[in-house]
Amino acid sequence: MAALLHADVGRGNGHPARTDCGVCHLAGPNVDQDQASKLVSSQELLCARCHARAIEVSHPSGFAPKRSLPAEYPLDWKGDLTCSTCHLPHGREPGLLRGKKHGKDFCLTCHDQAFFRSMKDAGTSMVISGHLDVSRGRSTIDIDVHSLHCLGCHAGSHSDGGSVSIGSSGVLRHASGAAPHPIGRSYRDASKRGGFQPENQLAQKKILLSDGRISCISCHEAYKKEHGKLVVSNERSALCLACHAK
Numbered sequence: 001m002a003a004l005l006h007a008d009v010g011r012g013n014g015h016p017a018r019t020d021c022g023v024c025h026l027a028g029p030n031v032d033q034d035q036a037s038k039l040v041s042s043q044e045l046l047c048a049r050c051h052a053r054a055i056e057v058s059h060p061s062g063f064a065p066k067r068s069l070p071a072e073y074p075l076d077w078k079g080d081l082t083c084s085t086c087h088l089p090h091g092r093e094p095g096l097l098r099g100k101k102h103g104k105d106f107c108l109t110c111h112d113q114a115f116f117r118s119m120k121d122a123g124t125s126m127v128i129s130g131h132l133d134v135s136r137g138r139s140t141i142d143i144d145v146h147s148l149h150c151l152g153c154h155a156g157s158h159s160d161g162g163s164v165s166i167g168s169s170g171v172l173r174h175a176s177g178a179a180p181h182p183i184g185r186s187y188r189d190a191s192k193r194g195g196f197q198p199e200n201q202l203a204q205k206k207i208l209l210s211d212g213r214i215s216c217i218s219c220h221e222a223y224k225k226e227h228g229k230l231v232v233s234n235e236r237s238a239l240c241l242a243c244h245a246k
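For the sequence shown, the positions run 1 to 246 when UniProt numbering is used.
Hints should not be assumed to be uniformly reliable.
[Claimed, not checked] Ranges of calculated distance between the beta carbons of each label pair, as one might list FRET restraints:
1) Val232 - Arg188: 18 to 24 Å
2) Gln33 - Asn234: 50 to 56 Å
3) His174 - Gln113: 25 to 31 Å
4) Pro65 - Ala179: 29 to 35 Å
5) Ala17 - Gly152: 14 to 20 Å
6) Leu230 - Asp189: 42 to 48 Å
Treat the hints as calculated values from the structure; they're not laboratory data. In this text, a Cβ means the ideal position worked out from N, Cα and C, and glycines have one as well.
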């Protein structure tokens, strides 16, 4: 992997532009092929310095995969899948992806068709992008941008019963009729009126906010084999009580 990383160095205005080598590499400006993989921190933490929102909701990273990966998608020195397994840290192409495959073809390099067939939406939402990266732009609709990404597939008719609708008041309604809930609303503003758990406790309970707003990702996990699974079980209203005080 060190050789692959080193091969990308010195490409002019490659990613990350105008950044000192010492920000990521222990060897600082003296990085060579043998030292390229020695970083000041984990890749996830380093990449999150600029791409925090992408890292927050994305394909899992920083773990040892149970299956063998093709050689062109390298693991790090610990045998972990990292950001640079899929991305060229010093690349110049849009998305910095390794190889020439995109979308589902890219996913199928490591995953098989059965992996996607087992999902409620057959993997449709996952092959659009490996990240829910909300660093670009905003919508005129007053809901959070993570939820907008979800609505791109789930708004209206959905073949697997996962369709949702959202009214002018910002209340999202599931086709099943279960748990209508506002999205895109500031958790902090709601907390000021009382009846909510402290915001700093939410992450401990796997509740994510999108720019401080309640979002689809507050209750559902996106990048899981069981796509859309609740972040915690709602048995005895456990999920509801993660935000709402008794």
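Range first: 14 to 20 Å. Now tell me if the beta carbons of Ala17 and Gly152 are that far apart.
The hinted range 14 to 20 Å is violated for Ala17 and Gly152, with Cβ atoms some 30 Å apart.
Range first: 18 to 24 Å. Now tell me if the beta carbons of Val232 and Arg188 are that far apart.
Given about 21 Å between the Cβ atoms, the range holds.
Could you check the hint for me, namely that Gln33 and Asn234 are 50 to 56 Å apart, CB to CB?
holds, 51 Å
Between the beta carbons of His174 and Gln113, is the distance compatible with 25 to 31 Å?
Roughly 28 Å apart at Cβ, these two residues keep to the hinted range, so it holds.
For Leu230 and Asp189, compare the CB-CB distance with the range 42 to 48 Å and indicate the outcome.
violated, 24 Å
So does Pro65 sit 29 to 35 Å from Ala179, Cβ to Cβ?
The hint (29 to 35 Å, Cβ to Cβ) holds, given that Pro65 and Ala179 are roughly 34 Å apart.
In summary, the structure is inconsistent with hints 5, 6 from the numbered list given earlier, while agreeing with the others.
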